[in-house]
Amino acid sequence: MAVEIHAIPGARFMDPVVLARIGNLELVSRAVVDGFINGLHKAPYFGASVDFAEHRGYVPGDDIRRMDWKLWARTDRYYIKEYEAESNMNFSVLLDVSKSMDYGSRGITKFEFARILTACLTNLVHHQRDRVGFVAFDDDVVEFVPSSAKHMETILHVLERVKPGRPGSLKAPLHKLAEHFGRRGVLVVISDFYEEPDAVLDAISPLRFRGNDLIVFHVLDPSELEFGFGDAQPFEDLESGEQLPVVPEAFRDEYRSLVQAHVDALQRSFSGVRVDYTLLDTSKPLDHALFRYLNSRSRTMKIR
Amino acid sequence: MLQFLAPLFLVALAGLAIPVVLHLTQREKKQIIRFPSLMFVRRIPYQSVRRRKIHNWLLLFVRMAALALLIAAFARPLFPRASPLVLPGGGAREVVVLLDTSYSMGYGDRWERARRAAREAVAGLSVPDRGSVVLFSSGSEIVARSVERDKALAAVDTAKLSAGATRYAPALKVAGSILSDTKLPRREVVLVSDFQSNGWRGEEGARLPAGAKLTTVPVAGQVDRPNVGITSVALTRQVVNNQERVEVTAGLVNRSTRPVENLAVKLEMGNIPHGTQSLTLPPGASSTVKFEPFNINSRNMRGVVKIGDDALPTDNAYYFVVSPAQPLRVMVMDRGTGESRRFLLDALSAGDSPKFETIVRQPEAVSDEELRRSAVVVLNDVSIAQNVARRLDRYVMEGGGLLVAAGGRASWPPEVATLPGAIGNNVDRRTGEPARISVLEYGHPVFEQFRGPRNGNFSSAKVFTYRSVNPSKDAQLLARFDGGSPAALERRVGNGRVLLWASALDREASDLPIRGIFPVLVRQSVLYLASYRPDQASVTVGQVLDPSVAAAPRGAPSAPRVVLTPSGRRVPLQDEEAEVLELSEQGFYEVRGATGSEPTVIASNVDPMESDLTPMDPNDIAVAAVGEPGASDPSSGRSEPLTPEAQENNQRLWQYLLFAGVLLLGVDTVLSNRLAAKG
Numbered sequence: 001m002a003v004e005i006h007a008i009p010g011a012r013f014m015d016p017v018v019l020a021r022i023g024n025l026e027l028v029s030r031a032v033v034d035g036f037i038n039g040l041h042k043a044p045y046f047g048a049s050v051d052f053a054e055h056r057g058y059v060p061g062d063d064i065r066r067m068d069w070k071l072w073a074r075t076d077r078y079y080i081k082e083y084e085a086e087s088n089m090n091f092s093v094l095l096d097v098s099k100s101m102d103y104g105s106r107g108i109t110k111f112e113f114a115r116i117l118t119a120c121l122t123n124l125v126h127h128q129r130d131r132v133g134f135v136a137f138d139d140d141v142v143e144f145v146p147s148s149a150k151h152m153e154t155i156l157h158v159l160e161r162v163k164p165g166r167p168g169s170l171k172a173p174l175h176k177l178a179e180h181f182g183r184r185g186v187l188v189v190i191s192d193f194y195e196e197p198d199a200v201l202d203a204i205s206p207l208r209f210r211g212n213d214l215i216v217f218h219v220l221d222p223s224e225l226e227f228g229f230g231d232a233q234p235f236e237d238l239e240s241g242e243q244l245p246v247v248p249e250a251f252r253d254e255y256r257s258l259v260q261a262h263v264d265a266l267q268r269s270f271s272g273v274r275v276d277y278t279l280l281d282t283s284k285p286l287d288h289a290l291f292r293y294l295n296s297r298s299r300t301m302k303i304r
Numbered sequence: 305m306l307q308f309l310a311p312l313f314l315v316a317l318a319g320l321a322i323p324v325v326l327h328l329t330q331r332e333k334k335q336i337i338r339f340p341s342l343m344f345v346r347r348i349p350y351q352s353v354r355r356r357k358i359h360n361w362l363l364l365f366v367r368m369a370a371l372a373l374l375i376a377a378f379a380r381p382l383f384p385r386a387s388p389l390v391l392p393g394g395g396a397r398e399v400v401v402l403l404d405t406s407y408s409m410g411y412g413d414r415w416e417r418a419r420r421a422a423r424e425a426v427a428g429l430s431v432p433d434r435g436s437v438v439l440f441s442s443g444s445e446i447v448a449r450s451v452e453r454d455k456a457l458a459a460v461d462t463a464k465l466s467a468g469a470t471r472y473a474p475a476l477k478v479a480g481s482i483l484s485d486t487k488l489p490r491r492e493v494v495l496v497s498d499f500q501s502n503g504w505r506g507e508e509g510a511r512l513p514a515g516a517k518l519t520t521v522p523v524a525g526q527v528d529r530p531n532v533g534i535t536s537v538a539l540t541r542q543v544v545n546n547q548e549r550v551e552v553t554a555g556l557v558n559r560s561t562r563p564v565e566n567l568a569v570k571l572e573m574g575n576i577p578h579g580t581q582s583l584t585l586p587p588g589a590s591s592t593v594k595f596e597p598f599n600i601n602s603r604n605m606r607g608v609v610k611i612g613d614d615a616l617p618t619d620n621a622y623y624f625v626v627s628p629a630q631p632l633r634v635m636v637m638d639r640g641t642g643e644s645r646r647f648l649l650d651a652l653s654a655g656d657s658p659k660f661e662t663i664v665r666q667p668e669a670v671s672d673e674e675l676r677r678s679a680v681v682v683l684n685d686v687s688i689a690q691n692v693a694r695r696l697d698r699y700v701m702e703g704g705g706l707l708v709a710a711g712g713r714a715s716w717p718p719e720v721a722t723l724p725g726a727i728g729n730n731v732d733r734r735t736g737e738p739a740r741i742s743v744l745e746y747g748h749p750v751f752e753q754f755r756g757p758r759n760g761n762f763s764s765a766k767v768f769t770y771r772s773v774n775p776s777k778d779a780q781l782l783a784r785f786d787g788g789s790p791a792a793l794e795r796r797v798g799n800g801r802v803l804l805w806a807s808a809l810d811r812e813a814s815d816l817p818i819r820g821i822f823p824v825l826v827r828q829s830v831l832y833l834a835s836y837r838p839d840q841a842s843v844t845v846g847q848v849l850d851p852s853v854a855a856a857p858r859g860a861p862s863a864p865r866v867v868l869t870p871s872g873r874r875v876p877l878q879d880e881e882a883e884v885l886e887l888s889e890q891g892f893y894e895v896r897g898a899t900g901s902e903p904t905v906i907a908s909n910v911d912p913m914e915s916d917l918t919p920m921d922p923n924d925i926a927v928a929a930v931g932e933p934g935a936s937d938p939s940s941g942r943s944e945p946l947t948p949e950a951q952e953n954n955q956r957l958w959q960y961l962l963f964a965g966v967l968l969l970g971v972d973t974v975l976s977n978r979l980a981a982k983g
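Line by line, the protein sequences give chains X and Y. In case it helps, our numbering puts the first sequence at residues 1 to 304. In case it helps, our numbering puts the second sequence at residues 305 to 983.
Source of the hints: derived by calculation from the structure; they are not laboratory data. Be aware that one or more of the hints could be misleading.
[To be verified] Facing chain Y, from chain X, some residues (calculated, C-beta under 8 Å):
| # | residue |
| --- | --- |
| 1 | ASP76 |
| 2 | TYR78 |
| 3 | SER100 |
| 4 | TYR103 |
| 5 | ASP192 |
| 6 | PRO234 |
| 7 | ASP237 |
| 8 | LEU238 |
| 9 | GLN243 |
| 10 | PHE251 |
| 11 | GLU254 |
| 12 | TYR255 |
| 13 | PHE291 |
Model, not experiment: these values are computed from the prediction. For glycine and all other residues, C-beta sits at the position ideal for the given N, C-alpha and C.
Let the sequences and hints guide you as you build the complete structure.
In structure tokens, the structure reads:
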């Protein structure tokens, strides 16, 4: 197995196959996010606000500007004042749990990958004291956790419970959801987008109407990209159950070009409406996705 | 010709069609690949796929062969044995008949059948042939060696059952030596026995000469008759109102496959019934019965635990002898105060079985009678004059034990060379670091008790004063002080032993007396010097008469002694050679010494293991003795059913078939995996 060299220390611990084996999503997401943040060397957030939270004892190295001198005068002891970080952003992950996501050829299914990604993103955002929410959908909304600063645990619990099972479609559930996201925030859609690019765009667009920032992760298994099957065998559609005889050797080149065209079309369509689109390969580490998210956040903040 | 034990299994050969059907149908089925979406695949125009024709004839053949072998294994094939007594070659024969006379042959009608089989073997001798008859149990006895037919027949007719246990190896060795000596071209051994597994412990070096034939004749027959044996008798002594009492506990085992109910177990003391207990034993179970305690009034009280007759009567009685516990007389010689011998007397008063009877005397005040009655004399830091030393030397020569504790006051005349070393200067270590005992001979009986971990620590004992000792040539060094000076020495003088401890046994000389190891050390030393051996209630048939039991008491004039066996035979014990007398009968042996003295009685019992009739495969012996399975006697082979093990052995072919079948299945797996990988 080739060892990938990552720019960020700790990123090698983000191999999705390894993480999928851990099982405990909270543990996984905390490990990934903490490691990721440590790897950046610089905290992505700086906690200062006006909401007083608590006092704590001074330890050498603390900024003396944050020392409570009045308390020192009363008690002759050094205390540091701590504040609640501000939380003013709504963040929701919209996860596709249709049957087609339940596919994996390299030890991890797309769904497991997406689930870990969701947990990590939610945890990262939760670290920043933003409000987190979660939606699972197939051809309808399956789970809905409204955005809240206290919903981190609930989301992890729902993530553990949810299973892909039914055929999916984007339009019906996403249009329904667009009504719910009244307040401005960040929405992340994770799906394998097995629909025509126009239909996808049509389904996604309403989510942007209330000024939400939209980030789209297109999750695909390496087999779906490469089509590296050997023998002539019948293929069965996971969602419809339809069977087709396939000779992969003969199909491969044409299939690849079709998939590439699909990805390009999606890229084009999304960038046209200023939606950030990222194609994720389940065999690649998660740090790529997390970076993508932070990049897009910083960019949209600058623009605003 | 090949036969099958379970031919119905061959019907399963029809199952051979299964791999053919699988081969025919398997190719039609394809493994379906489940794919997230056929959205893109659907857009690619369908191309017809050419079906591959695969002809895996090898795979098909391997599968069918594996199945056929498995079915054949289940059908249990066997080759009926050909008659084994058709021997190749010609010429005169030397036939050795080994006839098992162990007491288990008394079970049912085994003995009659065994004698009949032995007679038949001998009766087959022609004029130039020679026959030998060897009776064996735990030992073996050649009753006829290379004789004509009639003499051999007479030897078989006079054979009697013994009380011994079965041992095949000695008998085979005797047969081997007879065959090695013969000049006749054909050598045969006929082994007539019930083939108990207890009698065979592996090969044991019992190999017959090359070219010899071994024929085994099992006479075990049916073993489902009730058979209870008495395996042990335990005696528990107790003292009630100054009267010693003994409680008898007998262990019984039911060796048969039938339950035995309301079995009457009787205890007789000196031919007088003492008590009866009733017992019920399930098949294969063992149990114990206790009898009412009785007083020990005299020496050599004879007891028997009995049950009624069953299929094997020999193990239905257990004999034992019980005598009053004899205290061991110890004489302590010293001149000091009570303080100096307090620890020594305390140590000697500790413990039972045996108790010590201690008397304290000044060296000059000891009478010859007192000295003769003492098993051990302890010189407790005392100066010995020359005349006393000579008496003690004589005492040790006659078998007495002498323990010398050499403190500051001890001395011994150098003219009398009894001690294991000359006692030298006094070494004073009271100031500074006290001496320690550094080297100890743990293999010696005195120190053996301390060998294990946490069984007493000598190295922490402090010795403040001791005497340097110059060891004599034949002394054995048992312990040293840290300076290298001897701490304990032993020497054998005549029939007795002398132990020298190079320090006093009081509190001033060392802190040993206040340590837990001290009473054990004193007790072990005295027991060793007295050559003490605990009374045995009984011995097992096959053991040799213990010379010390038969020995005349110390100091008494050596008188001609006679052993009276249970069957009433008188065996004189006069010279040293004759003292090795094997106890071959069950019951009470009496050793009678000088006229008027009380005889010593020894109870002898049969080996309880022999009543375990579990059979073995006679071929095991044959393989060990001649390197190939032995022939079975056809005359008895027809009448005697084979043991289950022997039957199993004859039908072993199925194991090879099963193994080959499994092997082929493995080959099949490898082959199909390769084909799958290629495809």
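To see whether the hints hold, each was checked on the structure:
1. ASP76: violated (60 Å)
2. TYR78: violated (59 Å)
3. SER100: Hint on X:SER100: holds, closest Cβ of chain Y at ~4 Å, below 8 Å.
4. TYR103: holds (4 Å)
5. ASP192: It holds, given that the least Cβ distance between X:ASP192 and chain Y is near 6 Å, below 8 Å.
6. PRO234: For X:PRO234, the interface hint holds, since the closest Cβ of chain Y sits about 5 Å away, which is under 8 Å.
7. ASP237: holds (4 Å)
8. LEU238: holds (5 Å)
9. GLN243: holds (7 Å)
10. PHE251: holds (5 Å)
11. GLU254: Holds, because the Cβ-Cβ distance from X:GLU254 to chain Y comes to roughly 5 Å (cut-off 8 Å).
12. TYR255: holds (6 Å)
13. PHE291: violated (26 Å)
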